[in-house]
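Peer 1: Sequence:
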Amino acid sequence: MNMELRIVLIIISALVLIYVLRKIRSAKLNIIDSIFWIVVAILLILLAVFPGISSFFAALLGIQTPLNFILILMIAILLLKVFLMSIQISHQNERIKKLAQRIAIDEFENKSDK
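Using my numbering, the final residue of the sequence shown is 272, and nothing's skipped along the way.
Just so you know, not all the hints are guaranteed correct.
Cβ pair distances, simulated, as ranges [to be verified]:
| id | residue 1 | residue 2 | range |
| --- | --- | --- | --- |
| 1 | Ile261 | Ala234 | 38 to 46 Å |
| 2 | Ile261 | Ile193 | 30 to 38 Å |
| 3 | Phe194 | Gln259 | 52 to 60 Å |
| 4 | Glu162 | His249 | 14 to 22 Å |
| 5 | Glu267 | Ile176 | 50 to 58 Å |
| 6 | Leu229 | Leu173 | 14 to 22 Å |
| 7 | Asn160 | His249 | 40 to 48 Å |
| 8 | Ser192 | Asn226 | 26 to 34 Å |
| 9 | Glu267 | Ile169 | 53 to 61 Å |
| 10 | Ile176 | Arg260 | 38 to 46 Å |
| 11 | Ser270 | His249 | 29 to 37 Å |
With a straight-line cut-off of 25 Å between C-alpha atoms, the simulated DSS-like cross-links for lysine-lysine are [unchecked claim]:
| id | residue 1 | residue 2 |
| --- | --- | --- |
| 12 | Lys269 | Lys255 |
| 13 | Lys256 | Lys269 |
| 14 | Lys239 | Lys181 |
| 15 | Lys239 | Lys186 |
Think of the hints as simulated: they come from the structure by calculation, not from any bench.
Ideal Cβ placement from N, Cα and C applies to all residues, glycine included.
Work out the full structure: start from the sequences and follow the hints.
Peer 2: Pasting the structure below:
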């Protein structure tokens, strides 16, 4: 991995860390969700500072270049995040549906009491 790419990865990761921390301070990002982004940023910094890690895993997995390994890794991590968010959204949709049904029953019972 060339030096320019390593510098770009470090800068982008540092900017992500700063942005996430600012969002946490302003209470616009949940702490649990922010942990994911902090871990991803730190992982990118580690891969940029120690390029041997990505070279090792690229060779181990039979991937042509370390950059391709980093791209595949990031795609896999983001797909995992999307999957976990889909599960969370489905769970919240069920809770919203149950809450709406409970409110409708309560309103119906209040109207019939009057």
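Peer 1: Kindly indicate which numbered hints from before are broken by the structure, ordering the numbers from low to high.
Peer 2: The structure breaks hints 3 and 4; every other hint is satisfied.
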